[in-house]
Amino acid sequence: MRVLVTGASGLLGRAVAARVRAAGHEVRTFQRRPSGVPGVEDVRGSVTAAEDVARAVAGVDGVVHLAAKVSLAGDPADFERVNVHGTERLLGAAARAGATRFVQVSSPSVAHSGRSIVGDDARPADPEHARGDYARTKARAEVAALAADGDGMRVVAVRPHLVWGPGDTQLVARIVARARAGRLPLLDGGRALIDTTYVDNAAAAIAAALERADDDAVHGNAYVVTNGEPRPVAEMLAGICTAAGAPAPRWSVPAGLARAAGGAVEAVWRVRPGQDEPPMTRFLAEQLSTAHWFDQRRTRADLRWRPEVTIDEGLARLRAAAAHGR
Amino acid sequence: MIGALPAAAGATAPASLPPRGLDGLDPSFSRLVTAGPGAHTWHLLDNAEHLDRLGVAPVGTLLCVHGNPTWSYLWRRLVTGATDRAAAGGQAWRVVAVDQLEMGFSERIGLPRGLPQRVADLDDLTTALGLDGPVVTVGHDWGGVISLGWAVDHPDLLAGVVLLNTAVHQPAHLRVPAPLRLALRPEVLGRVTVATPAFLETTLALARPRLPRPVRDAYRAPYRGAERRGGIGGFVADIPVTAAHPSAADLDRVAAGVRELDVPALLLWGPSDPIFGDQYLDDLVDRLPHADVHRFEGAGHLVAEDVDYATAALDWLAGSTIGSRAPAADTPPADAPRPDDAPEAREADTLPPPYEPLWHHLDEQRDSTQTALVEMAPPGGAGPRVVTWALLARRIRELAAGLTAVGVRPGDRVSLLVPPGADLTAVLYACLRVGAVVVVADAGLGVKGLTRAVRGARPDHVVGELRGLTAARALGWPGRRISTTPLAPAVARALGVDHALVDLVDVGRGVDLPDEPSPDATAAVLFTSGSTGPAKGVVYTHRQLAAVAGALRTQYDLGPGTGLVAGFAPFALLAPALGARSVTPDMDVTSPRTLTAPAVAAAAAAVDATVLFLSPAALANVVATADDLTPADHAALARVRTFLSAGAPVPEHLLAAAGRLMPNAEPHTPYGMTEGLLMTDATLAGIREATAARTDGDPGGVCVGRPTATTQVRISPLDDDGAATGEPTTEPGRTGEILVSAPHLKDGYFRLHLTDRAAARDVPGSRWHRTGDVGHLDDEGRLWVEGRLAHVVTTADGVVTPVGLEQRVEQVPAVDRAGVVGIGPRGTQLLVAVVETRPRTRRPGLAPAELADAVRAAVPGPLAAVLVVPDLPTDVRHNSKIDRTRLARWAEDVLSGRRVRRP
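First to last, the sequence lines map onto chains A and B. The first sequence begins at 1 in my numbering and counts up by one. The second sequence begins at 327 in my numbering and counts up by one.
Calculated directly from the structure, the hints in this document are not laboratory data. Take these hints with a grain of salt, some might be off.
[What the hints assert, rightly or not] According to the in silico footprint, chain B covers these stretches of chain A (three or more CB under 8 Å from chain B):
id, region
1, 190-198
2, 227-234
[To be verified] Pulled a few chain A residues facing chain B out of the computed Cβ check, cut under 8 Å:
id, residue
3, Ser-116
4, Val-118
5, Gly-119
6, Ala-238
7, Ser-289
8, Thr-290
9, Ala-291
10, Asp-295
11, Gln-296
12, Arg-297
Model, not experiment: these values are computed from the prediction. Ideal placement from N, C-alpha and C gives every residue a C-beta, glycine not left out.
Please put together the full structure from these sequences, using the hints given.
Have a look at this one:
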C-alpha cells in the first residue's frame, strides 16, 4: 500500500510514518519541513494550498492525516483554515486520487465540554460544545472526515489523548519549560486522574486503524486511544519533570481560581499576543483539574491493538533520552 | 356521604382511550369494554392481543385493580414486563389492568359506587371478558380491597393474590390515618377531592424518589377538571370509618374471606406510607400467614412507582407453581434437589441432627448450685454478679409464666433492647420457652439502624432497660413495653411501660406455661450489621438455633462444665444452651474497642475459663493493653485451652499476638455470618500451614479453614462482569461467591422475600445460602475469603478481588491498613489503593511519591492511584470490616478533582 502521512515532522507524525514504513508500506510524508524519517518520500507543502495537496495525494492508497494547528492560543481564523478547510481539502483530493483508506487523527477534546470524564468511551464530536479554537476546529474536521466515509474510501477517526515521549516539543517541552520557570501549578493538588499516551503506542494504534479500516465494524467510527493507565495529574507531571531533570511541581492552586485566571489571561493574550503561549488558559485549567480517563475496551477490540510501552517504561525512555541530551 | 360532594361529582361522560404520548404507556394495550346490566364502558390495559400475535397461550391472567386516585397507568410496567417476558420465551401472563368506573378513562356515571357495587362491577367486567382462570388478582390501595372482594367471590378461578400497600381491616386499637380523617371531614371532602386536585397531588407527592414530571402528568391526565374527579371524592367518602357505614359490613365480609384464602400470596410493601403503615401489613400477614412478603425499606405508598415491583411480581409468579399446569422441566422448584446432585450435596439436607430444645440443660440442672453465669459489671455497678443454674432456671420459669400472664403469646415478636448479661439471658430463654419470637438487634447498629430494624420487625412487645425504652418512646417504636427495672409510676407512664420484669414474677405466680413450641416454629429474628444497606432480619427456628449450639459443641468441645469468656454477645446467649458456665467481661458492648486485657483476665479467672471468645475489634485493644496484666492475670489466661475470634476476618498477626497472651491456647478463627454462625474454622497453625503453601499466582485472601462437621461449601464462579453466575463447584482455585449449607443455617429473612430468593438463587439443593462473600477453595479443601461480592473490581483486564491485594499492600512497611477499591464504570474500572499509614497521616490525599512507588511495586497489576487517609471507613458493628463501597465513592470523588472530605 502507498500511504501518505501528513504532519510527519511532529513527534507523533514521525513515529507514525516510521511505523507504517516498518510495516512494509511505501510512505510519503507531507509537511512544510523535512520529516527526517528515513526511507520515506518527503513532499513539502501545506494543506492550505490546493496544488500542494494534489501533489501529495497523487497515487496513494491510504492517507493518515495528522497535520493540524495545535496550540492553546492564536488567531481563530488560522485554526479554521488549517484544521477545518485543510482537512476538507485533503479528504476531497484523496477521494479523487483514488485513496481507499483515510485515518483522521483527532483529539478527545472534540467531544469534551469541560466536565470530568470517568471511564467513558468516545462520544460523537461536538463542535458546538468543544472548548477552545483547537478543539472546536478539530471537532468540525472529524465530523467532515467521518461524513466522507463510504464505499470508495473508508474513514476511521483516532483520538490519542495527551501524547508524550522523547523529542516532544509540545506537551513534554511545555511542561518542562513551565516547571523550570516555576510556572507549573498543580490544580487542587493534582488529584485528577488523567489518561496519557506514550508516543509509540499512539503511533501503533494509528497504524492499526489504517490496517483495520476495511472492516465494516471499524470504519466510520471514532476511537479514543490512551495507554489505559490513568494516573493523578501530579504524578504524571512529576514523572515527566523528573525524567527530564526539571523540578517537580510543588505549589497547588484551587482549580476555580485557575480557571478564572485562565479566562482573564486568555482575554488579555488576544489583545497583546506574545511569542509564548499564555501561562494559563481556561482550557488548560480544566484539563489539569478534572478527571480524563477513558474506556479502552472497544478501541482495543476493534483495532486489535494494545499499548506495548507502559507509562513507567515510557518515563524510563524519556529519562534516557534526556540524559543523552536529545 | 356522596351528598357532601360538589355537583361536578354527578357529571357524566363516556369512556375514552387515553391520549397518546403518556410516559411509558404503550397505547396498543388500551381497549374499551362494555359490561354489566348498566352497559357501562371501561377502559382497560390488556395484552391479550399481543400474546395472540406472539402465538403463545397465556398461563393465566393477572387482574390488576388500581386504588384512589390512580388509574390503570399504575400497572403499565406489569403489562409491558409480562408481554416482554412472553416474547422472550418466558411464562406468558395475560395482564388486564382496569380503570374502575368513574376513574381513569372509564365511564363517568355520576352515581356513588360503594364497595359492594365496585366488587360487583368488577365481576360484571370479568364476566364480559370471559375470564376463565387461573386468575391472580393484583391490587393497590382501595384496589386491593376490591381485588380481594373479587378473589373471595371467585374461589374457582382464583390462583393467587398480589397486594401492594392496602388494608382490609381497620385494627381496633388504631385510628383511621390522619390524612384520611382530614379528607373525610364534610367541609373538606368535596374541596380536596373533587373541586381541586389536592388529594390527587398529595398522593403523587408521596412517591420516593419524586416522580418525574411526565409520569405525574400521566397520572393527572384522566382527572383534569372537577367533573372528571367525582370518583376520587366518592372513593374517599366510601371509607368505612364507623361500623354504621354502608360499606362496613362488606369490608368485614372481604376481610373475613381473606382469612380463608389458601392460594399463594405476595405482599409487596412500601413501609414509608402515611396511610397504610406497617400495622396494616401485620394485619394482612395475620390473615395470610403463608404469604411471601417483601418490605422495600425506603419505599412508600406508591410502591409501584418507587421500586421495580413488576419484576418482583413476575419473578414470584415464575418461581411459584401457579402458572405451571404441568411442572416445567427446566425450572425445578427451588427446594427440590437437582437430578445431577452429588450424593454429598444431599447429606446435610437429609440428616437433621437430633433436636434438643435450647433450654434442656436448664431443665436438667434446675437444682444445681453450680455457677451458670457471671456478670463482671452488672447494671447498677456493684461487683461481679454470680447466677447459679438453679437460680437461672427458676428465674426463666418465673419470667415465662409472667410473660404468659401479661399476654405474650406463642408467635408474638418480642424485641429485646437489653444489654448482654444475666437479664438478657433470662428473658431471652423465657421468651423462647413460651414460643415468642425474640427480636435481637445489636446496639452496634447505631440508633438509626436500630430504629429501622425494630420498626421493621413490628414487635408486639419491647423489653428494655431505661435507656432502650426511652429511645423506643422517643423514636415511636411499636409494641407494648416491659422494663427490666422497676420504674417510678410517672416515668413508666411517660414511657408507656406496662410492666417491669420483677412484676412479672408476681403476676406469673400460679400461671401454667404453654406447651413447648414446635422445633420448626420461628424462634428468633436477628438483625445483621447492615454494612451493605439497611439491617436485615434473619429468621431462625428452634431447631436451627439448637443446631447452632450443636455446631459450637461439636467444633470446640463445649459442654457442661466448660468455663467460657463470652466477649462476643451471640456466644454469651448460647452458653446456657451448651450447658457451659459463661462470664461477660466488663466492657461497653456498643464499643468493642474498649475491652482491655485485664478485664478479660479477670473474667477468665471468675469462671476458671478454658474457652475464650472475642470479637476481632476487641482483640486489637486486648493485645494493645497486655502490658497491664498482673502475674495472676497471666495465670488465669494460661488456663485457656481454646481461643476464638469471630465476626470478621482476623489478621494472622493479631491472632498470633493474642495467642502469646494465652500460651496454652490454640487460637481459632471461625468464618460465619448472622445467617450461619459457624461455617468453617481455622486454627492459627492451620493458617500458617496454608499461608506457607501459597504460590505466587494464587488470588490470595484470608484463610478461614475447613468447613465444620455439618457444613458444606461450594463456589459459584464469577463471570467477566463480576457476577456469580457459575455452576457451584468445589474445584480448587476457582474464585466466586461462597455458598454454604448446614443444619444451623438461617430459615430465611424477615419480610424480605426478594432477598430470600436472591440468597437461594441457583443453589445445589435446599438449605443453601449465598453469602455475598467471594473466595476460593484450595487443593486441601480450605476456604479463602477474598472480599465481598459487591466489592469485586471489574477492570478491562478481568475481575479482581480486593483482599489479596490489600494483604500485599499491607506488607509495605509504612502501611498500617489498606483498602483496595475499583472506581469508574463496571467493566473498565481502575484499581485504587487507600492506606492508613504509620504514623497516621492527618490529611487525606495523594500518597507521597515514595509511598506510592512502594505500594505499586507490592501489587502485580496496575494501580491508578495510591491515596492516604487518617482512618479507613469501617462498619459500626465490628469496627473492622472496611466499607469499600463508601471508600470507592470517596476515591472516585477525590480522583475526579472534586473537593476532598474524609472518607
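Okay, the hints, checked on the actual structure:
1. 190-198: holds (count 4)
2. 227-234: Result for this restraint: holds, n = 6.
3. Ser-116: holds (5 Å)
4. Val-118: holds (5 Å)
5. Gly-119: holds (3 Å)
6. Ala-238: This hint holds: A/Ala-238 lies near chain B, its Cβ roughly 6 Å from the closest one there, short of 8 Å.
7. Ser-289: With Cβ-Cβ at 5 Å, under 8 Å, it holds.
8. Thr-290: holds (5 Å)
9. Ala-291: With Cβ-Cβ at 4 Å, under 8 Å, it holds.
10. Asp-295: Since chain B brings a Cβ to about 4 Å from A/Asp-295, closer than 8 Å, the hint holds.
11. Gln-296: At 6 Å from the nearest chain B Cβ, A/Gln-296 passes the 8 Å test, so the hint holds.
12. Arg-297: OK, holds: A/Arg-297 within 8 Å of chain B, min 5 Å.
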